[in-house]
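Between the sequences and the hints, there should be enough to build the whole structure, so can you do that?
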Amino acid sequence: MTLLIGCRNENMRADPNPDEKYTVTSDLYTFHADSEKYQEVNVRRAQENLCNFSWEILNVSREGNILIVDISRPKDCDVTYEIIWDGAIMESYPMMANIFLNAVSESCSDQHETITDELVIDLEGSFKDIPKSTLDNTSFTIRDVCSLTGVQCVDDCNVAVSN
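In our numbering, the protein residues as written are 38 to 200.
Just so you know, the hints here were simulated from the structure itself, not pulled from any lab data.
Just so you know, not all the hints are guaranteed correct.
Listed next, with one range per pair, are the computed distances between beta-carbon atoms [said to hold, decoys possible]: (1) Gly101 - Tyr130: 34 to 42 Å; (2) Asp166 - Cys194: 22 to 30 Å; (3) Glu57 - Ser146: 34 to 42 Å; (4) Asp166 - Glu143: 15 to 23 Å.
Even for Gly, the Cβ is constructed at its ideal location relative to N, Cα and C.
Written out as structure tokens, the structure is:
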């Protein structure tokens, strides 16, 4: 005799809803909640023609509702950043959300001299309609669009990236 038992969690957000697209704009970055844009970046990630200058994630830290990403980039460039989320929070322990980070510039090229930008991301302001209790218990993986590097931030974290 075989007995099959199944469970279903109606509140699970593991599958993103493509209809829930929105954008949040800050001084240095634009946050996109867009599963199609996320999938496009995921397919093209780390391809040579995707990134026209070198930049890298130096450090990721989180304290409560604030996620901070330090990025090294060429000095004499006007750079803005895109943060791209597919709308999914994986119901694991701890809960996880993956985001892509992309540096965007029209006329930037590699240089020897670099500076560091600090992105200060308000999680509640960016991850709209996600309860604070869920965000408090969600860990984040910040994935670099130009490489296969990903930085995992579990709980309150301070993660220095070594190359």
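Margin query: Can you tell me whether the CB distance of Gly101 to Tyr130 sits inside 34 to 42 Å?
Written below: 20 Å Cβ-Cβ, so the 34 to 42 Å window is violated.
Next item on the list: Could you tell me whether the CB distance from Asp166 to Cys194 stays inside 22 to 30 Å?
Entry: With Cβ atoms ~24 Å apart, the hint holds.
Margin query: Holds or violated: the 34 to 42 Å window for the beta-carbon distance between Glu57 and Ser146?
Written below: Since the Cβ atoms of Glu57 and Ser146 sit about 37 Å apart, the hinted range of 34 to 42 Å holds.
Notebook entry, point to check: Between Asp166 and Glu143, is the Cβ distance one that fits in 15 to 23 Å?
Noted result: For Asp166 and Glu143 the Cβ distance comes to about 33 Å; the hint is violated.
The structure shown violates the earlier hints numbered 1 and 4.
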